[in-house]
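K.L.:
Turn these sequences into a full structure, and let the hints steer you where they fit.
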Amino acid sequence: MAPGDERTVRLPEEIARALEDRMRGSSFASLDEFVSFILGRLLDRPGEGGFSPEDERVLRDRLRSLGYID
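Each residue of the sequence shown is one higher than the one before, starting from 1 at the first, in the numbering used here.
These are computed hints drawn from the structure, not numbers from a lab.
Treat each hint with caution, since some may be false.
[Stated by the list, open to error] Label-pair ranges, simulated between beta-carbon atoms: (1) 5 with 61: 31 to 41 Å; (2) 6 with 53: 32 to 42 Å; (3) 54 with 29: 34 to 44 Å.
Think of the CB as a built atom: it goes at the ideal place given N, C-alpha and C, for glycine as much as any other residue.
P.N.:
Below you can see the structure in the form of structure tokens.
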């Protein structure tokens, strides 16, 4: 990724606050930095299959309840 190549991702306020609480006292300077680190770590886990069917169902239910999917 070239310097300055970034995208904006929107998070529900309750998730952003929970992440800010979780990062409090850490060395991360911003929520963006913390979220980038977490997502990068998830992508670095080789050999782990995606979501289980139950995980996917829970995720879909949550996204539906937040209005992101029908």
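K.L.:
Are the hints correct? Go through all of them and say.
P.N.:
Here is what the structure says about each hint:
1. 5 with 61: 31 to 41 Å: Hint holds: Cβ distance 33 Å, inside 31 to 41 Å.
2. 6 with 53: 32 to 42 Å: 33 Å, holds
3. 54 with 29: 34 to 44 Å: 36 Å, holds
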